[in-house]
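Order-wise, the sequence lines are chains L and A. Under this note's numbering, residues 1 to 294 are what the first sequence spells out, in order. Under this note's numbering, residues 1 to 294 are what the second sequence spells out, in order.
I should point out that these hints are in silico values taken from the structure, not numbers from a laboratory. Treat the numbers as computed from the prediction; the structure is a model and nothing was measured. Mixed in with the good hints, there may be bad ones.
Where chains are identical, the list cannot tell them apart; a pair therefore holds if satisfied intra-copy or between any two copies.
To be verified - Below are the DSSO-like pairs computed for lysine-lysine, each with C-alpha atoms no more than 30 angstroms apart in a straight line: (1) Lys-241 x Lys-200; (2) Lys-185 x Lys-271; (3) Lys-290 x Lys-200; (4) Lys-292 x Lys-185; (5) Lys-200 x Lys-16; (6) Lys-200 x Lys-185; (7) Lys-185 x Lys-28; (8) Lys-28 x Lys-85; (9) Lys-200 x Lys-28; (10) Lys-85 x Lys-200; (11) Lys-241 x Lys-185.
Protein chains: 2
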Amino acid sequence: MTDYPLILGIDGGGTKCKAVLFCAEQQKIIATGIAGPANPVHGIEAAQAAIISAAQSALHQANLPRSQLANLVVGAGLAGVNLPKYFAIMQDWAHPFQDFHLTTDLHTACYGAHNALHGSAIIIGTGSCGVSLIDDQTLMFGGHGFGLGDKGSGAWIGLTAVQHVLEAFDGIAAPTQLSELILNKLNVSDPYAIIERLTKAPPAAYGQLAPLVFQAATLDDAVAQSILRDGGHYISALARKLLATNPPRLSILGGLAHLMQDWLDQDIREKTLPALGQPTDGCILFAQHKLKQR
Amino acid sequence: MTDYPLILGIDGGGTKCKAVLFCAEQQKIIATGIAGPANPVHGIEAAQAAIISAAQSALHQANLPRSQLANLVVGAGLAGVNLPKYFAIMQDWAHPFQDFHLTTDLHTACYGAHNALHGSAIIIGTGSCGVSLIDDQTLMFGGHGFGLGDKGSGAWIGLTAVQHVLEAFDGIAAPTQLSELILNKLNVSDPYAIIERLTKAPPAAYGQLAPLVFQAATLDDAVAQSILRDGGHYISALARKLLATNPPRLSILGGLAHLMQDWLDQDIREKTLPALGQPTDGCILFAQHKLKQR
């Protein structure tokens with residue numbers, strides 16, 4: 001086995017870090033590992049520790065010794081490294097691997113979705129953003145982060161719902177079924193408790209409220225429908241910017257992609273194609289590409 | 001002088017803490033002191049340290065020894081203690097004063113504005129909120145905090161402007177003169193630098209951008225005007241909720257009150273009255289009231 005390089009794909013996001021071990025001899029994934037969040041913006045050391053932990057889990061599952069870390073060729077797609085500062089920090093990391101090839105989780109998700117180094121993708125999970133990988137160029141749209149942007153994402157949907165619910169308690173915004181759903185979900189009894197619970201909460205805490213908004217929308221709640229319509233228009237606008245780059249394929253990915261599908265403009269629904277593979281497949285493809293360039 | 005109680009007013013906000021020392025014998029303020037932020041939500045120990053520091057400065061200016069802290073009857077109006085958790089924490093503080101009477105900065109601003117314990121006020125500074133003090137009842141509206149609410153406030157105006165500017169760079173939102181003004185103000189050259197600078201920035205950092213939005217609005221920038229119109233409608237809606245409580249007076253207070261005046265609905269502009277005194281005057285009034293109750 002040591003005649004063939006062992007390739008490790010790392011898909012690191014704000015919620016978890018997933019490692020997949022690919023055996024070049026067998027041409028397949030032979031083990032996986034999961035660890036905690038690996039977005040360096042929310043903790044550099046935590047992200048590095050999660051990557052190593054996920055890698056060790058995968059080695060363990062493959063019955064390989066921990067010392068094999070030093071032989072791994074890693075292709076890592078991480079959230080947060082679209083910010084140059086965090087890319088530089090992770091690039092300069094004194095990592096324990098043979099090679100550590102770094103790009104954004106957006107790139108590797110796109111590689112995986114198209115099984116190719118070219119194409120466009122929008123990711124809708126806790127955050128949202130779009131990317132076109134065309135002729136060695138990377139064109140990014142959105143992805144400005146929680147609070148500043150990421151419209152149409154789970155965290156944005158949850159935050160916008162909470163903003164409305166708080167105004168509704170004041171009698172300023174229209175009443176909505178979301179008030180009851182959000183109080184129940186957070187297991188609190190009044191708006192002050194919502195504020196205490198959510199002040200300084202991470203984006204994922206808001207993302208966990210997003211399913212309630214989809215639920216309320218199916219119950220004909222006008223506020224929930226308006227939030228999802230706004231989010232859908234924004235995602236559709238991102239898609240139009242991406243389509244203008246003439247990509248071979250456009251896919252919409254991420255945990256909320258399926259639920260948001262119904263809220264996209266008709267023309268965009270017709271122009272998106274299903275993903276051919278997972279983000280971790282994209283990490284492997286990325287590492288293989290880098291290996292060929294050596 | 002020690003025959004008369006020394007009253008200290010503390011006006012503590014997210015930007016600074018101001019202390020005023022009132023001599024009951026001379027019936028006037030004899031010294032003032034300034035220290036750092038005193039919003040316990042953003043740091044309990046920092047808030048307590050700022051209150052003591054501002055008090056010591058005021059004693060020093062009055063040529064009184066530090067030991068006089070133990071003789072001060074304090075009336076404190078603090079930001080953040082509208083949240084019951086932080087009110088309880090500050091109420092239980094083992095403070096160095098003779099008495100520490102605590103209420104929200106909204107209450108003391110209202111007392112000061114009307115030179116009375118009854119009336120309504122809206123505060124528009126880094127945050128925004130409204131209060132009616134009627135028949136020993138406190139009715140609060142808004143004040144949900146940065147990110148969750150505080151529409152029409154400096155931080156909300158700045159954040160909303162930055163959100164639009166980032167979408168404009170993507171070619172998704174309409175272009176605006178705010179892009180250039182904000183890049184210049186932050187001394188950065190591109191949207192990524194804006195994001196790096198402002199991710200995790202405190203509300204005050206956004207509040208510092210608000211004057212640019214008022215500036216762009218006077219240059220007929222449609223985006224800036226739309227943001228201020230939205231903010232003005234929200235503040236007007238808050239004012240209508242307060243007027244429905246039949247207060248003897250309604251004032252609009254805070255650092256942005258004057259600039260927002262032009263963006264309020266006509267009927268609200270006509271129904272607001274100027275403040276008769278400062279928030280620190282309200283703190284003194286509050287302490288005097290508590291002293292009479294002993």
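Worksheet item: Against the structure shown, which of the earlier numbered hints fail to hold, in ascending order?
Response: 2, 3, 4, 7, 8, 9
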